[in-house]
Amino acid sequence: MSNLIKFKIDGVECMAEGGKFIVEAAAENGIYIPTLCNMKGVKPKGACRICSVRINGRLMTSCTTPVTDGMEIESESEEIRELRRSIVELLFVSGNHFCPACEKSGSCELQALGYYYQMMVPRFPYEFPQKGVDATSSKIIKDQNRCIFCKRCIKTIKDEEGRSFFAFRNRGHRTEVVLDPVMAEKMDDATAQLAMENCPVGSILVKEKGFDKPIGTRKFDKQPIGSDIKL
Amino acid sequence: MTQVMNNKLRKILDGKGVAKDLKDLKEWSKVLNASRCGLGQTAANPIVSSLKNFRPLYEQLIQKDTDFDEGFDMKSAVQASCNYVGRVPNFNHH
Ligand code: SF4
Ligand code: SF4
Ligand code: FES
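Residue numbers (the numbering used here), protein chains in the order written: chain E, 1 to 231; chain D, 1001 to 1094.
The shape of chain D in the complex, shown without the other chains:
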């Protein structure tokens, strides 16, 4: 679980996060309450409490104009592969 949360945090820190990622972090931290030892049970605390107290800092980092980050641009990817094989892209059909 800590690994999953760490990956998510990195996504946000890389500027690829969206509003839902902040919600997920908070929601997912609940799973850790079932941990066997205190170390696990408190592992999410830094994330949960910093989200609570420093929310604006997180919000600065996330993208606000989209609710999904595709990770790549379809158009430029098609263009690049078309350039490579010498075809003309037909964007109207995509």
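Just chain E, same shape as in the assembly:
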């Protein structure tokens, strides 16, 4: 702990090691900034924008921006909360999320953020896009209806040689994250399990697992998302 620096989040004095990303530095000071695409220990991409904060009048993603000495960060203003709420709602309408029938329900980060922001009905009209489910792999099911394109699977699920099991296909609103059919043949049980766990939503499911955790024991059943960080 040599180069401790001071910064402020919503006026609260914080301290952390310089160069840390804001989300982590905030967490160390007991301040929760919501994230979806970010994963501890993985190079951040800033894809989902849910962790947006305002610094010096500019919107920045706190998972990709390192803290600097004297930085003043705005995170819980009404404007930023509204922006984050909009992003959550947007993710709900641009896929097909039927939570009551979803295997990830209760352990899903998107759903948990929906509760966190007390979303009742998205302000945006549902798009009900036509999306498919790929069950050709012997290990997993890839449900495109629930994918939020966070890239966590692409970044973290790799073989010994560093090749990703998952990849992007198409562009624009036809974009899909798919399981590479050649790589799929090499997927073992542990990798499949990890892929399911690393996916923030229910887009990657290990076959024949389904609803393996009873209601009441799922990740966000008792405590809302972020409770482990908030002081």
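If you're looking for bench data, these hints aren't it; they were derived computationally from the structure. We put the beta carbon where it would ideally sit given N, CA and C, even for glycine. All clues given are correct.
In silico DMTMM-like cross-links for lysine to aspartate or glutamate, where the CA-CA straight-line distance does not exceed 25 Å: (1) D:Lys1030 <-> E:Glu89; (2) D:Lys1016 <-> E:Glu89; (3) D:Lys1016 <-> D:Asp1067; (4) D:Lys1030 <-> E:Glu78; (5) D:Lys1030 <-> E:Glu127; (6) E:Lys209 <-> E:Asp159; (7) D:Lys1011 <-> E:Glu89; (8) D:Lys1030 <-> E:Glu79; (9) D:Lys1026 <-> E:Glu78; (10) E:Lys151 <-> E:Glu161; (11) D:Lys1023 <-> E:Glu78.
Pairwise CB distance ranges (calculated): (12) E:Lys209 <-> D:Arg1010: 35 to 45 Å; (13) D:Phe1091 <-> E:Gln118: 34 to 44 Å; (14) E:Asp180 <-> D:Arg1087: 51 to 61 Å; (15) E:Pro129 <-> D:Glu1059: 29 to 39 Å; (16) E:Arg58 <-> D:Lys1026: 15 to 25 Å; (17) E:Asn170 <-> D:Gln1060: 31 to 41 Å.
Since chain E is already given, all that's left is putting chain D with the ligands on it; use the hints.
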């Protein structure tokens, strides 16, 4: 987001828009300010600036006598289904 806005714009261009749709477009465009790249950040500009500078053209297109477009007429739908099954519609109860 661009998809959501595009759908909304189409609704207005189809003559199905109402005053709230114009307000929504402006409000919703703010989400794009958080985009990762310049392409996303400016994606709503054509809508936002045309709303600002050519507002009357938009207003000509929207319906002014209603604040909600149901998309279909309940009465005629009931009438049609009643015709089909041979019943007499009872509109007083709807
Ligand atoms: S992935 Fe999450 S938000 Fe989507 S249906 Fe499943 S529980 Fe709901
Ligand atoms: S499958 Fe899951 S982890 Fe992969 S991009 Fe989609 S939501 Fe993210
Ligand atoms: S968590 Fe920072 S952009 Fe997704």
